[in-house]
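Spelled out, the chains give:
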Amino acid sequence: MNAGETPALVLEGVRISFGETEVLKGIDLTVAPHEVVCLIGASGSGKSTLLRCVNLIEPLNAGRVVVEGEEITARGVDENRIRRRIGIVYQAFNLFPHMTVLRNITLAPREVLGMDRAEAEEQALSLLERFGLSDRRDEYPDRLSGGQQQRVAIVRALAMRPHLLLLDEVTSALDPELVAEVLNVIRELADEGMTMLIATHEMGFARDIADRVCFLEDGRILEEGPPDRIFTSPENPRTRRFLSRIIAAGRL
Amino acid sequence: MLGGRAVLVSSASTVLFFAVIAVVVALAPGSELVAERFFSPFHLWQSLVGTESEPGILKAFLLNVYMFAISEVLILILALIIAVVRQIPGPVFFPFRMVAVAYTDLFRGVPLILILYIIGFGVPGLGLTFFSYLSDITYGIIALVLVYSAYVAEVYRAGIESVHESQNAAARSLGLSRWQSLRFVILPQAVRRVIPPLLNDFIGLQKDTALVSVLGSIEAARAAQIYGASQFNYASYVVAAALFILITIPLARFTDRLIARDKRRREAGALA
Numbered sequence: 001m002n003a004g005e006t007p008a009l010v011l012e013g014v015r016i017s018f019g020e021t022e023v024l025k026g027i028d029l030t031v032a033p034h035e036v037v038c039l040i041g042a043s044g045s046g047k048s049t050l051l052r053c054v055n056l057i058e059p060l061n062a063g064r065v066v067v068e069g070e071e072i073t074a075r076g077v078d079e080n081r082i083r084r085r086i087g088i089v090y091q092a093f094n095l096f097p098h099m100t101v102l103r104n105i106t107l108a109p110r111e112v113l114g115m116d117r118a119e120a121e122e123q124a125l126s127l128l129e130r131f132g133l134s135d136r137r138d139e140y141p142d143r144l145s146g147g148q149q150q151r152v153a154i155v156r157a158l159a160m161r162p163h164l165l166l167l168d169e170v171t172s173a174l175d176p177e178l179v180a181e182v183l184n185v186i187r188e189l190a191d192e193g194m195t196m197l198i199a200t201h202e203m204g205f206a207r208d209i210a211d212r213v214c215f216l217e218d219g220r221i222l223e224e225g226p227p228d229r230i231f232t233s234p235e236n237p238r239t240r241r242f243l244s245r246i247i248a249a250g251r252l
Numbered sequence: 253m254l255g256g257r258a259v260l261v262s263s264a265s266t267v268l269f270f271a272v273i274a275v276v277v278a279l280a281p282g283s284e285l286v287a288e289r290f291f292s293p294f295h296l297w298q299s300l301v302g303t304e305s306e307p308g309i310l311k312a313f314l315l316n317v318y319m320f321a322i323s324e325v326l327i328l329i330l331a332l333i334i335a336v337v338r339q340i341p342g343p344v345f346f347p348f349r350m351v352a353v354a355y356t357d358l359f360r361g362v363p364l365i366l367i368l369y370i371i372g373f374g375v376p377g378l379g380l381t382f383f384s385y386l387s388d389i390t391y392g393i394i395a396l397v398l399v400y401s402a403y404v405a406e407v408y409r410a411g412i413e414s415v416h417e418s419q420n421a422a423a424r425s426l427g428l429s430r431w432q433s434l435r436f437v438i439l440p441q442a443v444r445r446v447i448p449p450l451l452n453d454f455i456g457l458q459k460d461t462a463l464v465s466v467l468g469s470i471e472a473a474r475a476a477q478i479y480g481a482s483q484f485n486y487a488s489y490v491v492a493a494a495l496f497i498l499i500t501i502p503l504a505r506f507t508d509r510l511i512a513r514d515k516r517r518r519e520a521g522a523l524a
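Just so you know, the sequences run in chain order A and B. Numbering-wise, the working numbering puts 39 at position 39 of the first sequence, and it's gapless, one number per residue. In the working numbering, each residue's number is its place in the second sequence (first place is 1) plus 252.
Next up, chain A with everything else stripped away, as it sits in the complex (with noise of 0.2 Å):
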């Protein structure tokens, strides 16, 4: 990050607790715009609540949230409004089944930017070509492969024109063979300078993608730094076992 520049995120001594379990036990991170973070750890080391604090989704017991130099875990900050500049892409896709398509896409746009319907569409419709789904606009949620599915939850975050995108286990719910699908279209984000936070378990992916790696375990970074460093020698001895666990389950 060049000097001066305000980061896209920061979090500060972030902690959740659900119930009597503390999930998060303070979490420091900054994101600097353009900059593609993984998070990787395994499951139940908060990655996903960690992401979901970001969005104001999950709220937080101590610490602060900042996006863009403003404090958005401050009283009276409307979260609706801090919410339309992070999009956030979830493990099993959320989209809405009720709806076509392209009504999923243009609903946000819509309703909460106010954009009319001809603009919204039209928006909705650039992207799904870029995507390789416009044939797919007038399709239900239930009748697209998982894939698919989940790059029109990609594409509607995008429709916000997020400053930010939060991406959760984004292929965790999918078959191997539609895992590179959705992949490339991140990886054609990150070409594009969108600044994303993304948890993961696709160790390839977050080496291949990331500029910084991020490795939880219950509840802590453990160690971060580039996915070079990380993934051939990680310092910490936590990190050297979680990986070469995963060495042996072949997933690197």
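A hint or two may mislead.
[Claimed, not checked] Label-pair distances were calculated between CB atoms; the ranges are:
1) Pro449/B - Asn236/A: 49 to 57 Å
2) Ser418/B - Arg187/A: 25 to 33 Å
3) Ser262/B - Glu177/A: 43 to 51 Å
4) Asp142/A - Leu380/B: 49 to 57 Å
5) Glu79/A - Leu380/B: 41 to 49 Å
6) Phe348/B - Glu79/A: 43 to 51 Å
7) Ser429/B - Asp142/A: 23 to 31 Å
8) Ser418/B - Asn184/A: 42 to 50 Å
9) Ser262/B - Asn184/A: 53 to 61 Å
10) Asn184/A - Phe506/B: 46 to 54 Å
11) Glu79/A - Phe382/B: 39 to 47 Å
12) Ser418/B - Glu12/A: 33 to 41 Å
Worth flagging that the hints you see were computed from the coordinates, not collected in a lab. C-beta: ideal position from N, C-alpha, C; glycine also.
On the provided structure of chain A, position chain B as indicated by the hints.
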């Protein structure tokens, strides 16, 4: 699919079943009397169209349909409001939620006929400027709406709760407000899911319009009773019953079609 032998067995079983019933009915003492008192073609027709002294059931039945149609619309609206209020989160809305819960508890718990008496005889007794001088039918509709809204609100609530929380999360994270998420994402899915149970309640409502007769309105059941009492023939009850059945069957088929259409639409399009 049934095999050849199974078809044979099921046909034989069906014929035998109805033959036994027919024989039992025909041999029963008083079966001729039943035919005359309940199924006399003359009385069936005359009670349907009415005489100079007795009201026709068909015309009276239009009153049931009228009360049903008006109250159904009002119930759909009032019940939705109650269901939505009941699930608004936050401490500020606690009294509103409490009122919604109390409403449902109260009007589901009290028999409709008591509510009819309380509204139909009680409110006129208050001597209020406007509310005490309405027609019996209006009081009947008010009572039906009050009671059935409590049931239908619970049906809506079940529908709302059946929509997975992740749908709301997806809507909110796109920047939609709580209200927009409810309106565009949650409620449309919830309502689709509860159409069959809603229909069930509306069939009940259609039949319960007959209870408004306790306030003095001459609707189909009351007209049938008047005819039966003066002609000593109960074909009028059969006629009224048939009319109620005739209107619920199309309602049921209509709902089946709505469900099928929704299913078809979601599965339509280019079949990959």
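query = Which numbered hints are broken by the structure, listed smallest first?
reply = 6, 8, 12
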